[in-house]
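Q: Let the hints inform the model, and build the full structure from the sequences given.
Going down the list, the sequences are from chains A and B. Following my numbering, the numbering of the first sequence begins with -1 at its first residue and continues without gaps. Following my numbering, the numbering of the second sequence begins with 38 at its first residue and continues without gaps.
Please keep in mind that the hints were generated in silico from the structure rather than gathered at the bench. In this text, a Cβ means the ideal position worked out from N, Cα and C, and glycines have one as well. Fair warning: there could be bad hints in the mix.
Here are some chain B residues pointing at chain A (derived, C-beta under 8 Å) [as the list claims (entries may be wrong)]:
(1) Ala50
(2) Phe81
(3) Gly318
(4) Thr456
(5) Phe464
(6) Ser584
(7) Pro590
Straight line, CA to CA, 20 Å or less: simulated SDA-like cross-link-like pairs of lysine to any residue [stated by the list, open to error]:
(8) B:Lys597 - A:Gly99
(9) B:Lys335 - A:Asn15
(10) B:Lys264 - A:Glu114
(11) A:Lys95 - A:Asn131
(12) B:Lys249 - B:Lys277
(13) B:Lys335 - A:Ser20
(14) A:Lys149 - A:Ser59
(15) B:Lys471 - B:Gln492
(16) B:Lys576 - A:Ile147
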Amino acid sequence: MMAKDFGYIDTILKKYNNPEESLIAVLQDVQGVDGYISRESVEYLTEKTGIPSSRIMGVASFYAGFRLKPVGKYRIMVCMGTACHVNGSQRIGDTVKRVLGIEEGDVTEDGLFSWEEVACLGCCSISPAMMINDTAYGNLTQEKVASIIEKIREEESK
Amino acid sequence: MRFLLGYGSCGIASGADSVLKSLESAFSGTEYFVEKVGCNGLCFAEPIVEVITDDNESILYGRLNGESASKFAEAIKKGELPLENRLSDEDMRFLNGQKRVVLSGCGKVNPESIDSYISFGGYSALKKALELGSEGIIEEIKKSGLRGRGGAGFPTYIKWQSAKNSQGEEKYIVCNADEGDPGAFMDRAVLEGDPHRVLEGMMISGVAVGAKTGIIYVRAEYPLAVKRLNKAIEEMRERKILGENIFGSNFSFDFYIMMGAGAFVCGEETALLASLGGNRGMPVTKPPFPAQKGFRGKPTNINNVETFANVSWIIENGGEAFAEMGTEGSKGTKVFALAGRVSRGGLVEVPMGLTINDIVFGICGGIKDGADIKAVQMGGPSGGCIPKNMLDTVIDYESIAKTGAIMGSGGMIVMDENTCMVDMAKFFMDFTSKESCGKCVPCRIGTTRMLEILQRIVDGNGEEEDIDTIVQLGESIKTGALCGLGNSAPNPVLTTVKYFRDEYEAHIKDKACPAKKCTALIEYRIIEDKCKGCSLCSKRCPVDAISGVVKSPFSIDSDKCVRCSQCFDSCKFGAIEIVSGKERE
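A: Quick look at the structure:
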């Protein structure tokens, strides 16, 4: 495999005077491009900044906001906040799992979907809720969830 | 005539965009236009448009969609104020009894315009604060009796005073906007709806403490809040409200934003500071307090969003006016985010001293679908469940603490008779055990053991001594843990054992879940007499567990059944029952 071009990481690093203090922001930017924090990008960061990769991985693995695995084109986040829980989010998660046929954190074979449980999305008034990429869906039922996913599948197969 | 469209995240998620499109296309070529404002807190009726007539009368329209918004706009163009989609008197009761200080601008000001904020009196408190000077500001805050709204309720003026007294040229003001309680959205609404109010509060704190830099540590999950804060800061720089010699004084200030990366523990001050420095968010023992040694080792004053949002009002109206609201020990107002099984969920700001009942029933209209209330959860994973018979508890820091819950940041989750309290306890313990930073043993291992015990109870494998064991474990974690997360993590369990011990016992002794929620302890059955054999349930069943012949009663294979409840939810004849415990025999 050809070595990946990490030019974008150089650009990101230029934004920060002190990459060590701004490590979280740096990683957020890297994830913004790659969709997750890859081993290669961590190694590249170490090479460029001298921050030990153990420290970078320590930070990346500590925060729930960082993903260490790739995500699907459509990233489904099922809210597991308190209000959603009281209104049945467990079943929403079960439905997503069943419809996609994958475990939480995995990606479907076609690379289209991945799903994860997340802490509160702050949309408690429309619970149970989920987000697909940047769009929030509320007042969900199991049927509604299935049809939302089905619609995306149809759109994509066109 | 003005048209204010609620355009916060929840409004957008409820369809504010299609309402906007309809209104804009209908209003094009007319004198009318739509102003986007933040959430006015009536989340239950989103998307909402507030009409302000030329006589300054306010009329609210809610539950709109693209179609009804077009109809509405057509009527307006004809000079009518339609009745359709108008919020009913019943809906409007939501605003009765509220006293809006923190939320006074939410839903009124345009959060993306500094002029709008200034037209509501914005930044005049900052001017006044510059005249008052450091001592004068702290004196007003002291008189106001303002206590930290993040949950712990520490007197704000003491924090400010001690950061002021710390030696050093370089000091920082940090706003904790890492709203992590799963079920709370007050701070999001304020940041999205009235960002300048928070920034002004931080700057006044900067004058008081002698700091030149403000840092906002905000959840990355709140992209709209981040966007509006950035916009606000940019406009402030343009107007020279930020920078050197603000308003001709010798006060200089600037802001920057850091996005959190998703760790509940970062709500703890020292963990937040670690995170600001690019580290894992792990707390350290205090002292030294952040006011002595904080960000970059310099004196740092950290307050929560709502605390800062109170400041400009206090400076403008005086500490005494603020102290007139509330109770002896808890002054001012408190914002609560009502959610769960409540009829009218949303943001409620009330003077301290009202009761929980006043909020849940008086303002929010009680329980959805006419069910019976069981408890109200306050304080999220650090708080507790307050049972039905104690809902006349007065809202102030001390009274709430006496119940075993905490005031918390303002999440109020209403639970009805269909909520299983053991499951709730497990839910919170699952959350805190995942969010434990892992540094101290009591929290890391203690919460894991508590979760394991709760799991076996809901699975039907609980043993009689389990209840005493979790109480004992909980008490040890409370005293032994290093930081606030661990010290408070057992609260949801301890309060549910205290008030709902019978539910724990039912799970353990009778293998029954009284609320019929815990899937290992329930079974779905078809009531033969009621079943018409319509076959809808068997079509809905995702695992083919339901079989039968059309027009005669169907039956459910309990071994195949995954307890998804779709049959129960879809049956039109009430022919499916959920049984638990002895009923299963």
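Q: Hint by hint, note whether the structure agrees.
A: Hints versus structure:
no.: 1; hint: Ala50; in the structure: holds (4 Å)
no.: 2; hint: Phe81; in the structure: holds (6 Å)
no.: 3; hint: Gly318; in the structure: holds (7 Å)
no.: 4; hint: Thr456; in the structure: holds (6 Å)
no.: 5; hint: Phe464; in the structure: holds (5 Å)
no.: 6; hint: Ser584; in the structure: violated (20 Å)
no.: 7; hint: Pro590; in the structure: violated (24 Å)
no.: 8; hint: B:Lys597 - A:Gly99; in the structure: holds (18 Å)
no.: 9; hint: B:Lys335 - A:Asn15; in the structure: holds (19 Å)
no.: 10; hint: B:Lys264 - A:Glu114; in the structure: violated (25 Å)
no.: 11; hint: A:Lys95 - A:Asn131; in the structure: holds (17 Å)
no.: 12; hint: B:Lys249 - B:Lys277; in the structure: holds (14 Å)
no.: 13; hint: B:Lys335 - A:Ser20; in the structure: holds (17 Å)
no.: 14; hint: A:Lys149 - A:Ser59; in the structure: violated (34 Å)
no.: 15; hint: B:Lys471 - B:Gln492; in the structure: holds (14 Å)
no.: 16; hint: B:Lys576 - A:Ile147; in the structure: holds (19 Å)
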